[in-house]
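A.B. asks: Each chain, letter by letter, is given below.
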Amino acid sequence: MAQKIYPDAKAALDGLLRNDMLIACGGFGLCGIPERLLDAVRDSGVTGLTFASNNAGIDNEGIGKLLRTRQVKKMIASYVGENKEFERQYLSGELEVEFSPQGTLAERMRAAGAGIPGFYTKTGVGTLVAEGKDVKVFGGEEYILEEGIFADLALVKAWKADTTGNVVFRKTARNFNVPAATCGKVCVVEVEEIVQPGELDADAIHLPGVYVQRLICGAPYDKKIEFRTTRTTDVG
Amino acid sequence: MTKHDGLTKGWSRDQMAARAAQELQDGFYVNLGIGIPTLVANHVPAGMTVTLQSENGMLGIGPFPTEDAIDPDLINAGKQTISQLPHSAYFDSATSFAMIRGGKIDLTVLGGMEVSEAADIANWMVPGKMIKGMGGAMDLVAGVKKIIVVMEHCAKDGTPKFVPACTLPLTGRNVVDMLITDLAVFKRPDHAAPFQLVELAPGVTAEELAARTTAHYLS
Numbered sequence: 021m022a023q024k025i026y027p028d029a030k031a032a033l034d035g036l037l038r039n040d041m042l043i044a045c046g047g048f049g050l051c052g053i054p055e056r057l058l059d060a061v062r063d064s065g066v067t068g069l070t071f072a073s074n075n076a077g078i079d080n081e082g083i084g085k086l087l088r089t090r091q092v093k094k095m096i097a098s099y100v101g102e103n104k105e106f107e108r109q110y111l112s113g114e115l116e117v118e119f120s121p122q123g124t125l126a127e128r129m130r131a132a133g134a135g136i137p138g139f140y141t142k143t144g145v146g147t148l149v150a151e152g153k154d155v156k157v158f159g160g161e162e163y164i165l166e167e168g169i170f171a172d173l174a175l176v177k178a179w180k181a182d183t184t185g186n187v188v189f190r191k192t193a194r195n196f197n198v199p200a201a202t203c204g205k206v207c208v209v210e211v212e213e214i215v216q217p218g219e220l221d222a223d224a225i226h227l228p229g230v231y232v233q234r235l236i237c238g239a240p241y242d243k244k245i246e247f248r249t250t251r252t253t254d255v256g
Numbered sequence: 003m004t005k006h007d008g009l010t011k012g013w014s015r016d017q018m019a020a021r022a023a024q025e026l027q028d029g030f031y032v033n034l035g036i037g038i039p040t041l042v043a044n045h046v047p048a049g050m051t052v053t054l055q056s057e058n059g060m061l062g063i064g065p066f067p068t069e070d071a072i073d074p075d076l077i078n079a080g081k082q083t084i085s086q087l088p089h090s091a092y093f094d095s096a097t098s099f100a101m102i103r104g105g106k107i108d109l110t111v112l113g114g115m116e117v118s119e120a121a122d123i124a125n126w127m128v129p130g131k132m133i134k135g136m137g138g139a140m141d142l143v144a145g146v147k148k149i150i151v152v153m154e155h156c157a158k159d160g161t162p163k164f165v166p167a168c169t170l171p172l173t174g175r176n177v178v179d180m181l182i183t184d185l186a187v188f189k190r191p192d193h194a195a196p197f198q199l200v201e202l203a204p205g206v207t208a209e210e211l212a213a214r215t216t217a218h219y220l221s
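Chains Z and S supply the protein sequences, listed in that same order. Read the first sequence against the numbering used here and you will find it ends at 256, with the numbers running on by one and no gaps. Read the second sequence against the numbering used here and you will find it ends at 221, with the numbers running on by one and no gaps.
One chain only, chain S, in its complex shape:
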């Protein structure tokens, strides 16, 4: 929750994940990033079948294994041990990214450092800091049908993260379809449209949101 300027309202990390889960549809193939996006898996509505893709080569990610079922050959893209499901399938990395780049994955939920009003996203490097690499993030934002970014609305020091133009090196240009922060939800219908505010977190006013946002959006 954003706690600067005395503002303690807004969604928790888990509530942001739950909000993202509302975008799921029955039969969707979904790739979830590390951090808040991973929590989305806990909020799949009952009765809905959603197949999770792990870019290291698996469709149908199961829950963490019990201690006696741990298998070093079975991990997710965050290198955590996982389990398989009856409908799971394994494949190599080239095939995995063929389905990502080829537009076969319906939805990805990713964390962000910055999102711009032109729907650019920066989430892989900070100049001057150790660069660990982009992993599969650039491929996901370029190829998946719908891109949802979930992030805190402001940095810990209060600096807005939904900005006119990203200051950090980009992960993708004009790729974000929906932005969910702890304060609000923004959407755009297509890649030529600006973001529209569609939802405020409980207790957050439009004025409070505007005071913490430098990006232009339709309200």
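Looking at chain Z on its own, in the form it has when it is part of the complex:
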């Protein structure tokens, strides 16, 4: 079997990066973002990038790092708050933004990954999101046509992988990582631990290895928390 494991993010991205490419990226806020791979994209110096990602990181975290270095031309996202540099570039017109409703964004990735170039959805009917899109009536209700996102490259963060690229995620860090992984021509995954085949439960694989072309172990991780909320006492 072809070797999927690379020594680090730079090596894993070798030959895959070029200016003006479309990258699908997993993560929700700072949860489950492929931080090693994003750092390596930044260090490569490629520019004019379009990112399809639910969020744009925050200032100097995640995609926020590539905004700071002006490597991002366009964002396809559902929510971009908590990011001052994003706001500055967006308001000055340096950065193009395509807002896509969160579920539509996830489905545009999933659909493309499943070979479906477009689908009709009720989400956004009668809103700005519907402008310029085909409207079709099914069963007396209006739906709008949304197009799949066929990305040149998918960047994904997961918990564990075996050496053949079977992947499992942890808790809510799964989020957009699965649909993003499937919609890339090439998918590069960073994980916290790489194990031998057989060590992951074959019945509990979240992303089968067929979707994963390159793999790195990015540990150790110092995971960031956007809003640290706690309780002080036991709940009854």
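By construction, these hints were calculated from the structure, which means they are not laboratory data. Beta carbons: idealized from backbone N, C-alpha and C, even for Gly. Don't take every hint at face value.
[Stated by the list, open to error] Under the rule of at most 25 Å between Cα atoms (straight-line distance), these lysine-lysine pairs were calculated in the BS3-like manner:
#, chain 1, residue 1, chain 2, residue 2
1, Z, LYS142, S, LYS106
2, S, LYS148, Z, LYS142
3, S, LYS189, S, LYS148
4, S, LYS106, Z, LYS191
5, Z, LYS180, Z, LYS243
6, Z, LYS142, S, LYS11
7, Z, LYS191, Z, LYS104
8, Z, LYS30, Z, LYS104
9, Z, LYS85, S, LYS106
10, Z, LYS243, Z, LYS191
11, Z, LYS93, S, LYS131
12, Z, LYS153, S, LYS134
13, Z, LYS94, S, LYS131
14, Z, LYS191, Z, LYS180
15, Z, LYS104, Z, LYS244
16, Z, LYS244, Z, LYS85
17, Z, LYS104, Z, LYS93
18, Z, LYS30, Z, LYS205
19, Z, LYS156, S, LYS147
20, Z, LYS85, Z, LYS243
21, Z, LYS142, S, LYS134
22, Z, LYS94, S, LYS106
23, Z, LYS85, Z, LYS104
24, Z, LYS30, Z, LYS243
25, Z, LYS24, Z, LYS180
26, S, LYS106, Z, LYS156
27, Z, LYS142, S, LYS147
28, Z, LYS156, S, LYS148
29, S, LYS134, Z, LYS93
[Claimed, not checked] Every beta carbon over 10 Å from chain S, so not counted as near; a handful from chain Z, in silico:
#, residue
30, LEU36
31, VAL117
32, GLY152
[What the hints assert, rightly or not] Here are a few chain Z residues that sit away from chain S, every Cβ distance over 10 Å (derived from the structure):
#, residue
33, VAL66
34, GLU105
35, GLY123
Put chain S on the given structure of chain Z with help from the hints.
C.D. replies: For chain S alone, kept in the frame of chain Z given last:
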């Protein structure tokens, strides 16, 4: 509480959330928006099982964790750290919105900037201001079985927010089933019917409500 025009009656934010919680039923799967809607979780009646969905990929949201149990891989859609419950389940974002769009979620409670008499809702952008995006709001109002909007009846300057037609860009068209404000509750039985006033907050008269509402409703 609405405090313009000398009117200091009406429900507090927490009371509005408690009113919304009266719409919960045992076994419901529910998605709560950020702000007042989040408070609804504090008012689930004793003995009732309600499973909360977080659109970033979880069913069965638990309470905020204790300091030693904080997990960066476990957050809600507001990006706050949370905990899991014995019956919790995790899934990816496409699956999460498949259950939302597919009509599997029984109820969502959302905040609003404006609601129109035709049951349109605007709650994601104000022209001229920084647009942060709609997040999952458009998917929720399009797909969830029952949509409750909880909002102040008027803006801080006294401008009515329950209006004949929304002035702000819409989040959804003809989607709201119930509107709970600090002054009153409005409902409609189906998507062809107008809103009906069903409840006034204690101390609020029908005349006071009408004076602060530009939308048409059945009283």
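A.B. asks: Each hint should be assessed against the structure and marked as holding or not.
C.D. replies: Now the hints, each set against the structure:
Pair hint LYS142 (chain Z) plus LYS106 (chain S) holds up; C-alpha atoms about 15 Å apart against a cutoff of 25 Å. Between LYS148 (chain S) and LYS142 (chain Z) the alpha-carbon distance is near 15 Å, which keeps this suggested pair within the 25 Å criterion. For the suggested pair LYS189 (chain S) and LYS148 (chain S), the alpha carbons sit about 11 Å apart, so the restraint of at most 25 Å is met. For the hint pairing LYS106 (chain S) with LYS191 (chain Z), the CA-to-CA distance comes to about 21 Å; that is within 25 Å, so the pair holds.
Between LYS180 (chain Z) and LYS243 (chain Z) the alpha-carbon distance is near 15 Å, which keeps this suggested pair within the 25 Å criterion. The suggested pairing of LYS142 (chain Z) with LYS11 (chain S) is violated, with an alpha-carbon distance near 39 Å, which exceeds 25 Å. Note on LYS191 (chain Z) and LYS104 (chain Z): the hinted pairing is violated, with a Cα-Cα distance of about 29 Å set against a maximum of 25 Å. Under the criterion of a C-alpha separation no larger than 25 Å, the hint pairing LYS30 (chain Z) with LYS104 (chain Z) is inconsistent with the structure, at around 28 Å.
Under the criterion of a C-alpha separation no larger than 25 Å, the hint pairing LYS85 (chain Z) with LYS106 (chain S) is inconsistent with the structure, at around 38 Å. Our distance criterion of 25 Å between C-alpha atoms is met by LYS243 (chain Z) and LYS191 (chain Z), whose separation comes to about 14 Å. For a cut-off of 25 Å, the pair hint linking LYS93 (chain Z) to LYS131 (chain S) stands: about 21 Å separates their Cα positions. Restraint check: the Cα-Cα separation between LYS153 (chain Z) and LYS134 (chain S) comes to about 22 Å, which is no more than 25 Å; the hinted pair holds.
Between LYS94 (chain Z) and LYS131 (chain S) the CA atoms are separated by roughly 20 Å; this keeps the pair inside 25 Å, and the hint holds. With a CA separation close to 12 Å, the supplied pair LYS191 (chain Z) and LYS180 (chain Z) stays within the 25 Å bound. Among the hinted pairs, LYS104 (chain Z) with LYS244 (chain Z) is consistent with the structure: their alpha-carbon atoms are about 18 Å apart, no more than 25 Å. With a C-alpha separation of about 14 Å, the suggested pairing of LYS244 (chain Z) with LYS85 (chain Z) holds against the 25 Å cut-off.
Restraint check for LYS104 (chain Z) and LYS93 (chain Z): the C-alpha separation of about 16 Å stays at or below 25 Å, so the hint holds. About 18 Å separates the Cα atoms of LYS30 (chain Z) and LYS205 (chain Z), which keeps this hinted pair within 25 Å; it holds. With a C-alpha separation of about 22 Å, the suggested pairing of LYS156 (chain Z) with LYS147 (chain S) holds against the 25 Å cut-off. Restraint check for LYS85 (chain Z) and LYS243 (chain Z): satisfied, since their Cα atoms lie roughly 16 Å apart, inside the 25 Å limit.
Under the criterion of a C-alpha separation no larger than 25 Å, the hint pairing LYS142 (chain Z) with LYS134 (chain S) is consistent with the structure, at around 22 Å. About 34 Å separates the Cα atoms of LYS94 (chain Z) and LYS106 (chain S), which puts this hinted pair outside 25 Å; it is violated. Taking the CA atoms of LYS85 (chain Z) and LYS104 (chain Z), the gap is near 12 Å; set against the 25 Å cutoff, the hint holds. Under the criterion of a C-alpha separation no larger than 25 Å, the hint pairing LYS30 (chain Z) with LYS243 (chain Z) is consistent with the structure, at around 20 Å.
Between the alpha carbons of LYS24 (chain Z) and LYS180 (chain Z) the distance comes to roughly 14 Å, so the proposed pair stays at or under 25 Å and holds. Straight-line distance between C-alpha atoms of LYS106 (chain S) and LYS156 (chain Z) comes to about 23 Å, which keeps the hinted pair within the 25 Å bound. For the hint linking LYS142 (chain Z) to LYS147 (chain S), the alpha-carbon distance of about 13 Å falls within 25 Å, and the restraint holds. A C-alpha spacing of about 24 Å is found between LYS156 (chain Z) and LYS148 (chain S), which places the hinted pair at or below 25 Å, so the restraint holds.
Of the pairs offered as hints, the one joining LYS134 (chain S) and LYS93 (chain Z) holds, with about 17 Å between alpha carbons and a cut-off of 25 Å not exceeded. Remark: the non-interface label on LEU36 (chain Z) is consistent with the geometry, its nearest Cβ contact in chain S lying 23 Å away (cut-off 10 Å). Against chain S, the non-interface label of VAL117 (chain Z) is violated: not every CB pair exceeds 10 Å, the least being about 8 Å. Look at GLY152 (chain Z): its CB is around 15 Å from the nearest CB on chain S, clear of 10 Å, so calling it non-interface holds up.
With a cut of 10 Å on Cβ distances, VAL66 (chain Z) stays outside the contact zone with chain S, its closest approach being about 25 Å. With a least CB separation of 13 Å from chain S, GLU105 (chain Z) remains clear of the 10 Å interface cut-off, as annotated. Against chain S, the non-interface label of GLY123 (chain Z) is violated: not every CB pair exceeds 10 Å, the least being about 3 Å.
Hint compliance for this structure: hints 6, 7, 8, 9, 22, 31 and 35 are broken, all remaining hints hold.
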